[in-house]
Amino acid sequence: MASSSSLRTAGLLLGIALGGFIDGILFHQVLQWHHLLSAVDDPAVQDIRVQIFADGAFHVLMYALAVAGLAMLWRARGPFGERGGGALPWAWLVLGFGAWHVADVVLFHWVLRLHHVRMDAAQPIAWDIGVALIGVAILLLGWRLLRSVPHFGGGGQGSRAALSIAVLAAGIVAALPMRNAGDDVLVVFAPSTRPASAWDALARANARVGWVDASGTVWAVRLPRREQADALYGAGAWWVGTSRIAAGCLGWSRVR
29 MASSSSLRTA GLLLGIALGG FIDGILFHQV LQWHHLLSAV DDPAVQDIRV QIFADGAFHV
89 LMYALAVAGL AMLWRARGPF GERGGGALPW AWLVLGFGAW HVADVVLFHW VLRLHHVRMD
149 AAQPIAWDIG VALIGVAILL LGWRLLRSVP HFGGGGQGSR AALSIAVLAA GIVAALPMRN
209 AGDDVLVVFA PSTRPASAWD ALARANARVG WVDASGTVWA VRLPRREQAD ALYGAGAWWV
269 GTSRIAAGCL GWSRVR
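Count along the sequence shown starting at 1, add 28, and that's the number in my numbering.
Among the hints, erroneous ones may be present.
As the list claims (entries may be wrong) - Label-pair ranges, simulated between beta-carbon atoms: (1) Gly-158 / Pro-71: 29 to 37 Å; (2) Pro-71 / Trp-266: 34 to 42 Å; (3) Ala-150 / Ala-189: 40 to 48 Å.
No lab work stands behind these hints: they were computed from the structure.
Each residue gets a CB set at the ideal place from its N, CA and C atoms; glycine is no exception.
Whenever a hint applies, use it, and build me the whole structure from the sequences.
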């Protein structure tokens with residue numbers, strides 16, 4: 029009984045983490061529709077550095093949930109030898125995945141009002157409702173799978189490995205640089221860096237500036253060669269990134 033409970037918890041955690049990864053890949057990376065705190069009106073929160081930090085903290089949380097779920101999954105040995113044991117965590121993963129989309133909309137979009145699915149939409153609530161309905165449909169699918177678990181055979185070890193690979197693959201993709209971001213990067217200089225010094229460093233790297241924040245320490249630029257990022261670090265840059273978080277911020281913040 030305890031092992032079955034562990035499988036349920038592991039599946040839920042992995043489903044929630046997978047939902048967070050997909051949210052980041054699709055809405056932050058590919059479509060670039062929002063930050064975690066895009067709808068917060070506080071000028072301090074709208075600072076791009078705060079937005080980056082909040083997005084980063086969210087994604088770290090998703091990785092933590094994934095690690096916890098995988099640890100529980102591999103500790104639960106007994107149920108995998110039972111009938112339907114291999115299907116049980118998959119059913120709960122689907123339930124967790126659907127629950128994430130519903131909870132994300134209800135909690136983050138409507139209760140806390142942190143962001144909407146598509147911030148630039150004429151009717152953002154309609155997009156929120158659409159995602160919530162998709163989540164409900166996934167929940168129903170998960171419930172149906174859960175009821176069908178006793179009818180599945182064994183194959184627990186292979187199922188556990190396949191589930192782990194699926195979650196790890198999503199986590200790896202979420203952390204990879206965007207292939208369609210070209211050479212666009214976000215450069216964050218130390219707070220003590222003078223804007224003129226940052227400009228000089230970017231000029232020496234032949235960077236084309238697309239946007240700079242009011243402090244002169246955060247720049248969205250295009251580098252002709254990625255190896256020139258090393259020179260920026262030598263000039264006082266704290267971070268030069270083309271990861272999902274950086275590219276999402278660049279796409280949202282760039283002057284159009």
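* Are Pro-71 and Trp-266 spaced within 34 to 42 Å by their CB atoms? -> Given range 34 to 42 Å: violated, Cβ gap about 22 Å.
* Just tell me: holds or violated, for the beta carbon distance of Gly-158 and Pro-71 against 29 to 37 Å? => Given about 31 Å between the Cβ atoms, the range holds.
* Is it true that Ala-150 and Ala-189 lie within 40 to 48 Å of each other by Cβ? -> Since Ala-150 and Ala-189 have Cβ atoms about 46 Å apart, the given range 40 to 48 Å holds.
In terms of the numbered hints stated before, the structure departs from hint 2 and from no other.
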